[in-house]
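Q: Sequence:
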Amino acid sequence: MGAKQENETLVVNQHRTILQDVIHHGSAQDSLVHSYKRSFNGFAAKLTDEESRKIAGLEGVVSVFPSVNYQLHTTRSWDFVGFGETVNRVPTVESDIIVGVFDTGIWPESESFNDDGLGPPPKKWKGTCTTKNFTCNNKVIGARVYPNTGSSSPRDDGGHGSHTASTVAGRTVQGASLYRIAEGDARGGVPSARIAVYKVCNMFRCFGADVLAAFDDAIADGVDIISISMGFRSSKNFNEDPIAIGSFHALGKGILTANSAGNRGPSLNTTTSLAPWLLSVAATSIDRKIISKLTLGKDTTLVGTAINTFSLKGTEFPLITGADAKASGCDERSARACTVGCLDPELVKGKILLCERTDGEGALAHFYGALALIDKNGYPDVSLLYSLPATSLSYRGIQDVASYINNTKNPRANILKSESAPDEKAPTVVSFSSRGPNTITSTVLKPDISAPGVDILAAWSPSSPLTAVLGDKRSVRYNIVSGTSMACPHAAAAAAYVKSFHPDWSPAAIKSALMTTATRMSRDQNKEGEFAYGAGNINPVKAINPGLVFDASKEDYIRLLCQNGYSTKKVRLISVDDSSCLDVGYSKWLPHFGVNYPALTIKVSPGSDFSGKFSRTVTNVGKPNSNYTLRVDPPYTINVSLLARPNHLNFTSLNQKLEITFQVYVSIINPGEMLSFQCMWSDGEHEMRFPVVIYA
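Per UniProt numbering, the sequence shown runs over residues 1 to 696.
It cannot be assumed that every hint is accurate.
[Stated by the list, open to error] The list that follows gives simulated cross-link-like pairs (lysine-lysine, DSSO-like), each with its CA atoms no further than 27 Å apart:
id	residue 1	residue 2
1	K253	K657
2	K236	K313
3	K376	K473
4	K46	K570
5	K326	K376
The set of hints was computed from the structure by calculation and includes no laboratory data.
Please construct the entire structure, taking both the sequences and the accompanying hints into account.
A: Next comes the structure, spelled out in structure tokens:
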């Protein structure tokens, strides 16, 4: 990796020459996978371990690292966050915003991507449309496909890409639903914005070399915001992470990248979206959930969480446990769990099967010929889609059904088609959403923010199966999906909305506006606090007028890396230029505690006292003459003394900057303990909220 060179042909020839010098068998052309030449200089190639070591030793080669695979992190939601169809917009500017979506492609014929009333692409657009089996329009203005996907077309064969793209910028489609479930208007957050598609994933995985190539293209193409709903299974150093490297280059061109936090919650230390310059997004519930009711006999109804698109023909059907359908040679415990090979298909056929474990999409029940399925829900706060009539119950619900079967001569039941129900606890961070803290740069809060990611209705590819179960041939144009993959495009759209009002704002300023105006969430309902939801749930309407922002530059992020132990050599693996820790004034204790970030996170040693001073710089983007007063909530705790000075911020002009100093003293706290505070500055019209998190 290196800085961009002007002559792209010379760059490609340079890459081939390097390869030819180290390859023992075959040609450089056959080995070369990608030449990154449009926004930065580098290449991806198929190499043996020995060949990669030789290249790493060549003069001028900055770094060599393996291409790794990413996982995809898989509409009432906009109304829920207070972002209705009648909110104030700047249509001409919004129409010039281009959102780059890195995903499984797109289904261009979807109603969500019609270009009615849209003019030609913005003049800044430099991209292209891969036309094989695909046609762009004035909505989907660009589409590229990358070789490791195994496809020659950017057409979506997985559904995921169409879903995320339409959530960001889909047009309003009235009467959308999944088999009449969650029926309503499906729309994106910035319906006038343009979409550029970068197909870097197939149905099963995404590819690091392709992701880096997509960043190279998207930056040169002229996108304004990037939405990327994928990540590693475990965290990577930034200099080995294509998303971190690519998004750093995007940052340098004024492009903010939104990235899903991951689906490995609820344990702590599970998010892999850790780069400080990314907008890392957790998933929350909305005030509508999908339920699937189970009736037992004439008198009892239980409520499950599956998405059941089927209606059984009749009112009551025979019910059987896995234990009662046990195949010979199998123990009862395995049969109760419906383990593979432990059920007799003749006993299961035509009955509602009770499995005391999660059956995923219903593959086992489908295989054994069951009429319908009752299983244990893996995530109690999420409704998943099944390949046959199904409902998913809690452990207590499973035991109630088993008791009914064991105490009834002729047990019968019915599973009703799913329906919508209110969720009065929303928003809460869903159990699957990955949690912080940040395992690489502990001074930066991760995730940054949260957004709706549960039971989201959006566009789907009709050629993509609804489940991975063989024989499930349902085809739909709109689907209900949950995941941090769904939360990420909500945040990307909110960022695009802010940019439509403030085209000249930096990525850090946009991120700050989203974080400081986010809706505060309940610590009582989210025990991991800010490590679950970041600064809070997105509030796009408030974010366009935050009053104050915490801005940051490329040099600020480099300074943070230096503070966190990255040498100048490692920093250059990310920046691919001649950046130096000395050039940015690196020292052990930095005035901004690493970066001018709209939160303060302090990691302390358990059983020890801690004290420190940290500062931030705020920029006035509200009214020229404004006075802000500080309030800290909670105002007092026995463990921590937190002072912010000054208590009053007095501005006399727009874009004026003032420094805030935080003095923190922490007495002994226990291992694993986390304390959080909210510093709030208000001028009567704006309220800027600044989280402070202290943990051992």
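Q: Decide, hint by hint, whether the structure agrees.
A: Against the structure, the hints:
1. Proximity of K253 to K657 is assessed by CA-CA distance (about 23 Å); at most 27 Å being required, the pair is judged to hold.
2. Proximity of K236 to K313 is assessed by CA-CA distance (about 51 Å); at most 27 Å being required, the pair is judged violated.
3. About 25 Å separates the Cα atoms of K376 and K473, which keeps this hinted pair within 27 Å; it holds.
4. Among the hinted pairs, K46 with K570 is consistent with the structure: their alpha-carbon atoms are about 24 Å apart, no more than 27 Å.
5. Proposed proximity of K326 and K376 is supported: the alpha carbons are some 18 Å apart, at most 27 Å.
Of the numbered hints listed earlier, the single one contradicted by the structure is hint 2.
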